[in-house]
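2 protein chains.
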Amino acid sequence: MQSKADRQPRKPDRRRVKELTTGARLNKPVENGFSGPIRIVVDAMAGDNGIAPNIEGAIEAARISKGRYQVVLVGDDVAIKTELAQGVGKAEYREDDLEKYGVELVHASQSIGMHETPTEALRTKRDSSILVGLRMQKDKKAEGFISSGSTGAVMAGALLSLGRIEGVSRPAIASFMPTEHGGCILLDAGANLDCKPHHLLQFAAMGSSYCQYVFDRPAPKVGLLSVGEEASKGDELTQKAHQLLLDSKLNFIGNIEGRDILRGTADVVVCDGFVGNVILKFAESVVRMFFGSIKRYVYTSIFAQLGGLLIKPALKRFARDLDYEEYGGALLLGVDGVCVICHGRSTSKAIKNAVLVAYRCVAHQVNEHIREQVMSYKKEVD
Amino acid sequence: MQSKADRQPRKPDRRRVKELTTGARLNKPVENGFSGPIRIVVDAMAGDNGIAPNIEGAIEAARISKGRYQVVLVGDDVAIKTELAQGVGKAEYREDDLEKYGVELVHASQSIGMHETPTEALRTKRDSSILVGLRMQKDKKAEGFISSGSTGAVMAGALLSLGRIEGVSRPAIASFMPTEHGGCILLDAGANLDCKPHHLLQFAAMGSSYCQYVFDRPAPKVGLLSVGEEASKGDELTQKAHQLLLDSKLNFIGNIEGRDILRGTADVVVCDGFVGNVILKFAESVVRMFFGSIKRYVYTSIFAQLGGLLIKPALKRFARDLDYEEYGGALLLGVDGVCVICHGRSTSKAIKNAVLVAYRCVAHQVNEHIREQVMSYKKEVD
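Protein chains in written order, with the working numbering: chain A, 1 to 382; chain B, 1 to 382.
FYI, nobody ran anything at the bench for these hints, they're computed from the structure. Among these hints, one or two may not hold up.
Note that the list lumps identical chains together, so a pair holds whenever it fits in one copy or between two copies.
[Claimed, not checked] Heads up, simulated PhoX-like pairs for lysine-lysine below, C-alpha to C-alpha not over 20 Å straight-line:
(1) 281 <-> 233
(2) 66 <-> 281
(3) 140 <-> 240
(4) 240 <-> 316
(5) 295 <-> 312
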């Protein structure tokens with residue numbers, strides 16, 4: 001465990017926040033450990049905002065690829081071409097832009113809606129964009145998959161199609177959370193509601209590999225979310241997991257509390273999926289409530305209204321830095337493949353950033369690192 | 001369970017928020033169900049900001065009492081009088097103000113620090129302000145106790161001195177959280193980390209009585225914090241508790257998610273102490289981080305700086321409405337007495353509001369209601 005000094009909140013890092021929001025950090029060159037071409041599949045049919053953001057994001061990602069990866073769009077052929085006929089996004093991308101930037105189109109006749117029961121939908125819709133896209137990874141025709149569709153359906157589909165990495169008991173959803181220090185990885189964000197201590201150890205190992213390679217942080221600090229800093233503080237699960245983490249080779253900084261998350265005390269925040277999901281949804285609602293409320297308070301006086309106008313650009317920048325959708329989605333860690341689950345309300349930028357996240361995962365062979373890590377703790381797990 | 005319409009977030013209620021922050025709602029007349037004089041004890045020695053806020057808060061509360069209750073200050077006689085000799089607070093209260101407003105002084109020679117081990121401190125410091133204050137309730141010399149001291153010490157002291165209400169398995173900490181609709185009660189906020197389903201049922205019953213009588217909301221809506229709205233969503237604990245709540249006579253609106261808390265979907269949010277503690281500490285840090293960050297963003301341009309100046313009063317009002325310390329602390333529900341635990345950084349206003357909370361609890365005989373409620377579920381509990 002690290003000294004007290006290491007637990008102190010670090011100074012806010014604007015450069016880092018900016019690199020992350022703009023995708024600049026994700027776009028940095030990678031020493032490619034993966035041999036052969038990298039193909040990232042984007043589910044064109046998913047999301048709450050229609051198919052345009054997916055198409056635009058996919059083309060944008062392909063445009064900045066510089067030969068590092070190729071983008072594949074999976075979805076209804078006709079729907080995609082109809083959308084492109086009208087010109088997609090600000091740049092008004094047309095059908096010939098697909099060829100120009102090397103975006104391949106793969107047809108899938110069905111799509112799974114946000115409110116369908118995942119298992120039922122996956123069973124009946126074998127030609128859905130989610131299953132077609134994931135199958136490409138299984139058939140070695142692609143290396144990564146991105147969808148802003150129903151989390152349950154994408155997760156179940158990925159587990160079914162790709163299986164788990166050797167040694168991993170429970171795949172987990174790793175969400176990115178903006179912090180004062182540029183952000184942290186929170187996992188599990190909702191895949192596993194009832195956890196055992198060794199699951200939390202595996203989450204820590206997986207999150208650590210992800211954070212190190214995709215977000216470029218050597219020896220990421222791992223914090224265990226609890227109700228107090230001392231090892232003795234916490235419920236039964238946390239107390240036992242604390243011991244396992246102490247015995248691991250991870251850079252474990254000990255327990256952290258709810259108030260430490262946004263301070264950026266840890267790079268990887270470990271908790272069970274129930275706590276992670278509640279915190280994540282709460283955090284998202286705070287951002288929305290906050291900016292909504294500011295308006296109400298500002299409208300109470302004419303001076304404040306004028307001030308509100310002047311302050312607007314700064315507030316917009318602030319809101320963007322806090323916007324969870326800008327960060328490229330959540331990674332489903334532990335499946336034997338690369339699967340990024342984006343928010344239903346994803347913008348084209350979120351989709352583009354998700355492609356970069358998937359690319360970095362493949363290029364850095366994050367799954368290979370996870371397998372090694374998890375197997376080295378296999379003894380404790382058994 | 002209620003219809004979908006009832007689950008919709010309600011319109012923000014500025015009047016209600018204001019009443020709560022100013023203490024106006026708490027100060028409303030109560031039909032006194034309690035016979036005899038009500039005496040509320042304030043721990044003068046606790047808190048991070050010295051003893052002045054406690055003294056000021058106690059006198060302020062006494063000043064607006066209008067004969068409804070009497071305030072007792074417990075602590076070191078000399079220290080309190082020395083502080084008063086200099087004039088306490090804006091109104092510069094002096095020693096003769098104690099008599100003027102009928103504040104009684106009870107001497108306690110010791111005090112328990114924030115970082116002492118609760119059990120150890122309680123064992124060795126029999127004459128600490130916490131134990132002296134609580135003992136007054138046991139000896140029927142007082143009806144309520146307020147302290148901004150160490151949560152652990154106050155909680156353990158209250159359990160030891162007062163015992164539990166008949167039928168209550170586990171006392172819980174009920175925290176007030178500001179929401180768009182004026183606020184909700186979140187419990188348990190950290191007293192019980194490993195819970196059984198029937199504990200959550202009891203929390204719901206206790207929180208319901210508290211919310212109904214102290215915050216004047218008939219048939220408060222009870223929401224169970226989980227990861228999805230459907231009854232099937234949640235961990236084992238939540239799923240089982242959901243069933244118990246459905247069978248209860250409480251106004252149970254079903255599961256709520258992290259994002260529903262601030263929307264004010266429920267008046268009483270029920271969860272185990274681990275989740276509650278993490279959420280509460282996270283929420284507190286968000287408020288602080290937000291207002292801290294706004295400054296940084298504003299300093300990036302001269303226009304924004306000017307705007308910042310103009311908007312400042314509105315933001316200050318907003319910050320105050322969100323300030324957890326303004327709401328009069330957390331109530332320890334389930335102990336056979338009234339015990340309010342305030343934040344270590346409590347202002348005199350928070351202390352004053354805490355006195356009003358304690359008074360309302362006594363006057364409304366909240367514990368009597370809790371006892372009735374809990375006993376009616378005794379069958380399920382056994």
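Each hint, compared with the structure:
no. : hint        : in the structure
1   : 281 <-> 233 : between (25 Å within a copy, 15 Å between copies)
2   : 66 <-> 281  : neither (36 Å within a copy, 45 Å between copies)
3   : 140 <-> 240 : neither (40 Å within a copy, 43 Å between copies)
4   : 240 <-> 316 : neither (43 Å within a copy, 43 Å between copies)
5   : 295 <-> 312 : both (10 Å within a copy, 13 Å between copies)
Hints 2, 3 and 4 from the list above are not met by this structure, while the remaining hints are.
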